[in-house]
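*Asks:* Residue strings, one per chain:
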Amino acid sequence: MIQQPIDPRIAWERYRPSDASPWNLKKVGHLYRRAAFGANMDEMQAALRDGPEQTITALLQGREDRDADALWVSMSRTIGDANAQNNASQLSALWLYRMLYSVHPLREKLTLFWHNHFATSNHKVRNAGYMLGQYELLRRHAQGSFRTLLTDMSRDPAMLVWLDNALSQRNQPNENYARELMELFSLGVPNARRPGERNYTEQDVREAARAFTGWRIENGRGVFRERDHDPGEKTVIGQRGRWGADDVVRICLEQESAAFFIVRKLFRFFVSDSIQPTPELLEPLATEFRRQYDFGALVERILRSNLFFADTSYRAKIKAPIDFVLGLVRGLEGHRASEAGQGGVGTSELARALEGLGQRLFYPPSVAGWEGGRAWLNGQTLLFRHNLALALTSTADARFGRRLDLAQLLRRNNMGTNEERVDFLLRVFLQGDVPAATRDRLLRYANNNERQSYPAFWTADDIANHRTRTLCHLVLCLPEFQLD
Amino acid sequence: MQPTRREFLRFSLAGSSMVALTSAIPNFLGRAAAQAPAAGQAGARDTILVVVQLTGGNDGLNTVIPTRDPNYTRLRPTLRIQNSLRVNDSTGLHPSMSGLHGLLQDNALCIVQGVGYPNPSQSHFRSMDIWHAASTAEALTEGWVGRALRHVPAATSFHMANQNEAAPLALTGAPARVPSIATLDDFQLRLNAASAGDRRQQREFLDGVSRPADNPPSLLDFVQRTAVQTYASSQRLSEVGRNYQPRTTYPQSALGNHLKLAAQLIDAGLGARLFYVTLDGFDTHAAQGPAHANLLRDVSDSITAFYRDLAERGQRERILILTFSEFGRRGHENGSQGTDHGAGAPMLLVGGRVRSGLVGEQPPLTNLVQGNLLHTIDFRQVYATILDQWLGVPSRQILGQAYAPIEILRGV
Numbered sequence: 001m002i003q004q005p006i007d008p009r010i011a012w013e014r015y016r017p018s019d020a021s022p023w024n025l026k027k028v029g030h031l032y033r034r035a036a037f038g039a040n041m042d043e044m045q046a047a048l049r050d051g052p053e054q055t056i057t058a059l060l061q062g063r064e065d066r067d068a069d070a071l072w073v074s075m076s077r078t079i080g081d082a083n084a085q086n087n088a089s090q091l092s093a094l095w096l097y098r099m100l101y102s103v104h105p106l107r108e109k110l111t112l113f114w115h116n117h118f119a120t121s122n123h124k125v126r127n128a129g130y131m132l133g134q135y136e137l138l139r140r141h142a143q144g145s146f147r148t149l150l151t152d153m154s155r156d157p158a159m160l161v162w163l164d165n166a167l168s169q170r171n172q173p174n175e176n177y178a179r180e181l182m183e184l185f186s187l188g189v190p191n192a193r194r195p196g197e198r199n200y201t202e203q204d205v206r207e208a209a210r211a212f213t214g215w216r217i218e219n220g221r222g223v224f225r226e227r228d229h230d231p232g233e234k235t236v237i238g239q240r241g242r243w244g245a246d247d248v249v250r251i252c253l254e255q256e257s258a259a260f261f262i263v264r265k266l267f268r269f270f271v272s273d274s275i276q277p278t279p280e281l282l283e284p285l286a287t288e289f290r291r292q293y294d295f296g297a298l299v300e301r302i303l304r305s306n307l308f309f310a311d312t313s314y315r316a317k318i319k320a321p322i323d324f325v326l327g328l329v330r331g332l333e334g335h336r337a338s339e340a341g342q343g344g345v346g347t348s349e350l351a352r353a354l355e356g357l358g359q360r361l362f363y364p365p366s367v368a369g370w371e372g373g374r375a376w377l378n379g380q381t382l383l384f385r386h387n388l389a390l391a392l393t394s395t396a397d398a399r400f401g402r403r404l405d406l407a408q409l410l411r412r413n414n415m416g417t418n419e420e421r422v423d424f425l426l427r428v429f430l431q432g433d434v435p436a437a438t439r440d441r442l443l444r445y446a447n448n449n450e451r452q453s454y455p456a457f458w459t460a461d462d463i464a465n466h467r468t469r470t471l472c473h474l475v476l477c478l479p480e481f482q483l484d
Numbered sequence: 001m002q003p004t005r006r007e008f009l010r011f012s013l014a015g016s017s018m019v020a021l022t023s024a025i026p027n028f029l030g031r032a033a034a035q036a037p038a039a040g041q042a043g044a045r046d047t048i049l050v051v052v053q054l055t056g057g058n059d060g061l062n063t064v065i066p067t068r069d070p071n072y073t074r075l076r077p078t079l080r081i082q083n084s085l086r087v088n089d090s091t092g093l094h095p096s097m098s099g100l101h102g103l104l105q106d107n108a109l110c111i112v113q114g115v116g117y118p119n120p121s122q123s124h125f126r127s128m129d130i131w132h133a134a135s136t137a138e139a140l141t142e143g144w145v146g147r148a149l150r151h152v153p154a155a156t157s158f159h160m161a162n163q164n165e166a167a168p169l170a171l172t173g174a175p176a177r178v179p180s181i182a183t184l185d186d187f188q189l190r191l192n193a194a195s196a197g198d199r200r201q202q203r204e205f206l207d208g209v210s211r212p213a214d215n216p217p218s219l220l221d222f223v224q225r226t227a228v229q230t231y232a233s234s235q236r237l238s239e240v241g242r243n244y245q246p247r248t249t250y251p252q253s254a255l256g257n258h259l260k261l262a263a264q265l266i267d268a269g270l271g272a273r274l275f276y277v278t279l280d281g282f283d284t285h286a287a288q289g290p291a292h293a294n295l296l297r298d299v300s301d302s303i304t305a306f307y308r309d310l311a312e313r314g315q316r317e318r319i320l321i322l323t324f325s326e327f328g329r330r331g332h333e334n335g336s337q338g339t340d341h342g343a344g345a346p347m348l349l350v351g352g353r354v355r356s357g358l359v360g361e362q363p364p365l366t367n368l369v370q371g372n373l374l375h376t377i378d379f380r381q382v383y384a385t386i387l388d389q390w391l392g393v394p395s396r397q398i399l400g401q402a403y404a405p406i407e408i409l410r411g412v
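Each protein sequence line maps, in turn, to chains F and V. Just so it is clear: in the first sequence, position 280 is 280 by this note's numbering, and no numbers are missing. Just so it is clear: in the second sequence, position 72 is 72 by this note's numbering, and no numbers are missing.
The reader is advised that the hints may include incorrect statements.
Said to hold, decoys possible - Computed beta-carbon distance windows for the label pairs:
id, chain 1, residue 1, chain 2, residue 2, range
1, F, GLY232, V, ASN88, 36 to 46 angstroms
2, V, ALA291, F, ILE463, 24 to 34 angstroms
3, F, ARG411, V, GLN188, 26 to 36 angstroms
4, V, GLY197, F, PRO279, 50 to 60 angstroms
Unchecked claim - Among chain V residues calculated to face chain F with C-beta under 8 angstroms, some are:
id, residue
5, GLN122
6, SER180
7, ARG190
8, TYR244
9, HIS285
10, SER336
Claimed, not checked - Over 12 angstroms on every C-beta distance to chain F, these chain V residues come out as not near it, computed from the model:
id, residue
11, SER98
12, GLU204
13, ARG316
14, GLY400
15, ILE406
FYI, nobody ran anything at the bench for these hints, they're computed from the structure. Backbone N, C-alpha and C fix where the C-beta goes; we use that ideal spot for every residue, glycine too.
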């Protein structure tokens, strides 16, 4: 990949539309893919009118929706209270539901970022209530202070189970949490500024593990029990004292690498998973982030930046399965049917399908979370994506019902001819940004298709619907649609 | 220093005729068994290597157990295994590995003890990368299996993937992307076609839009290559092995299914020679006992079923199965009936041509470094031996230097 040198000073300055870089449908689609879970045609048109400032402000702030929040509380209580493994299958469906219908999708997206960061799996925790508790913790701080989030994480019941800290003994500490706190949650192994140096030693892990002793789960809450804690002196990354859990978090966040570590990860999440950012490029963000660890401010700075809207960031990621599925459903307005009282797309089946695509919420594959990037696609998952797109758009698969009513959507938008249909579908899903040859191929298929022979019992409507659904499926199979 | 991705691609494109642009089509499609090495050479029998990765750090000390060592009892007050299966007077296998123990009687199990590398990393990720790349260099970009595949261009390979599993680093660097596959049934591209003609037109459309353009390797190019490979594999695999009847019973587990599918692909005669499978869950920091026993049972039963199934089909001499984990675990158990990350550990080799029994020494439990077992055999010695003697690939070129071979194979 040709890498243009990126000037760190200009990269993070505010993006302002210009003749060279106009505010257009491509940028709107890009913004909604990254900062939400995709958009439908109306939302994109509105954003086009409103401009980037206002659109991004709305995405950052969301809207209040008391009904949805109340519904969430009651549903999560039902699933969490029963507290049993057999509710596990509902966990991902519940969150997926919130992602799909939320009026503040960015918040869910950032919660997903943190879920991937702390990568706790119910596979081991085996307690839906704890998992939802951790989700609430992540969501509460999704746009808040990383320092608070990391501090609270040490006493989160799901985490205490996940990395065994609830079992750690003062005389024989369990090193699991201490190690991953440093390696995966705050610092990473290699030093961000000094190549070849590492941020901590094996001895630091062992000492920090002693500091983390004393935490237990009682009545579903993380509590500190003095008698289980090793009160002796510990030396952690050069600092000596009678440290406890919060001290280790403080010491880690005092390291220069900590801010870089989080900023780099967010860069990969929001900007590009195909370029390796240099320390110089990340520096302005890391320096600012380190002052307060204000994650919301970091998110805003990136989303409003030149680099976020630059060509190098456009389609520079492989779509995560969740973005693939929700983008498809939102584009086809599957979440709207619900508003009209017709019952929208159900998320239980979507959750099941997502498992096949490699992203089961509340069940990340390892302590490092989902690898992401190119790892999302292999011969199998790409095929599953194609087949799921078919199931969601065809009438043949009963799992998702006929809820994505493509014909109605096209009628509402007055799309009658083959050409109008092809262009509409390409605009909704790809903002019209495909090679001319691809559009020609689609049109050729549609026109040839009119001359095809069909089963004798098909009505003219059946034939037209079949063609529309097939066109839609083919658009969803385009290589460009796999890119974010 | 490190070649860029683009340079690498250019190199690998020039390096093998299999990798013209069209060769995004997996090479197993055009494979004929005729391209095997000349008789008498290593690899002449179209040898097959199956790598089984035990992810998380397998507790080697409770897998191959020093039964008479009082230090073992001291280090493992609650986790020690008392009813192990006898290997010799002082060594036993974990009791849930009765399958592999049976293979020992059949001269088909080789236990390489005390395997590791100098200055071991106790990070899962770093250590796994080291094992995959067979190198402790700072930046690791290519795997040992991938590099080996460049020297056997005719060989085909499969990654038996769990669903959210990426192609492992070990397989990168191969001349063509190694396809990932979980089940044959799932591998069918479904289309919304009204007739055979309609289906053909849709396939033509998909083939057309996934033809990679002549631009430098980009993300879009990656998707297109994946798509071409997917469509071709789907087509081919839909015709393979529908009527496969295993000769043994495989356990109902992901590992069992993956190995059964591998047997199916071997039996179909696609010329597949390298298989890669992983099993996660070995990171047993707490309440290790039952979890570890179940994992080892799965490993033992699945590998045994696979070996016996293929042996029944006359493939005994062709197969070699290798297990490894990124590290062993700490000598002493922790306070939560678990074990923390360690270092040296055994590797298990199964096949009709292994030197059955124990190889190397059990690391002395009186000489632990930071509580960890020392290694006596470098894992690259095992790789080198397999590369040279089993696959017929010059290990020196793959591993960057010569490693002393060890006695793990016979009559090769």
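*Asks:* State for each hint whether it applies.
*Replies:* These are the hints, each one checked on the structure:
1. F:GLY232 <-> V:ASN88: 36 to 46 angstroms: 44 angstroms Cβ-Cβ, so the 36 to 46 angstroms window holds.
2. V:ALA291 <-> F:ILE463: 24 to 34 angstroms: 57 angstroms, violated
3. F:ARG411 <-> V:GLN188: 26 to 36 angstroms: Since the Cβ atoms of ARG411 (chain F) and GLN188 (chain V) sit about 33 angstroms apart, the hinted range of 26 to 36 angstroms holds.
4. V:GLY197 <-> F:PRO279: 50 to 60 angstroms: Holds, at about 57 angstroms.
5. GLN122: Since the shortest Cβ distance to chain F is 6 angstroms, the answer is holds.
6. SER180: Interface hint status for SER180 (chain V): holds (4 angstroms vs cutoff 8 angstroms).
7. ARG190: This hint holds: ARG190 (chain V) lies near chain F, its Cβ roughly 5 angstroms from the closest one there, short of 8 angstroms.
8. TYR244: It is violated, given that the least Cβ distance between TYR244 (chain V) and chain F is near 19 angstroms, above 8 angstroms.
9. HIS285: For HIS285 (chain V), the interface hint holds, since the closest Cβ of chain F sits about 4 angstroms away, which is under 8 angstroms.
10. SER336: With a minimum Cβ separation of about 3 angstroms from chain F (threshold 8 angstroms), the hint on SER336 (chain V) holds.
11. SER98: It holds; SER98 (chain V) is separated from chain F by about 27 angstroms at its closest Cβ, greater than 12 angstroms.
12. GLU204: Given that some Cβ of chain F is not farther than 12 angstroms from that of GLU204 (chain V), nearest at about 8 angstroms, it is violated.
13. ARG316: 30 angstroms, holds
14. GLY400: The claim holds: GLY400 (chain V) sits with its nearest Cβ about 20 angstroms from chain F, beyond 12 angstroms.
15. ILE406: For ILE406 (chain V), whose nearest Cβ neighbour in chain F is about 29 angstroms away, the distance exceeds 12 angstroms, so it holds.
In this structure, the hints that do not hold are numbers 2, 8, 12, in rising order.
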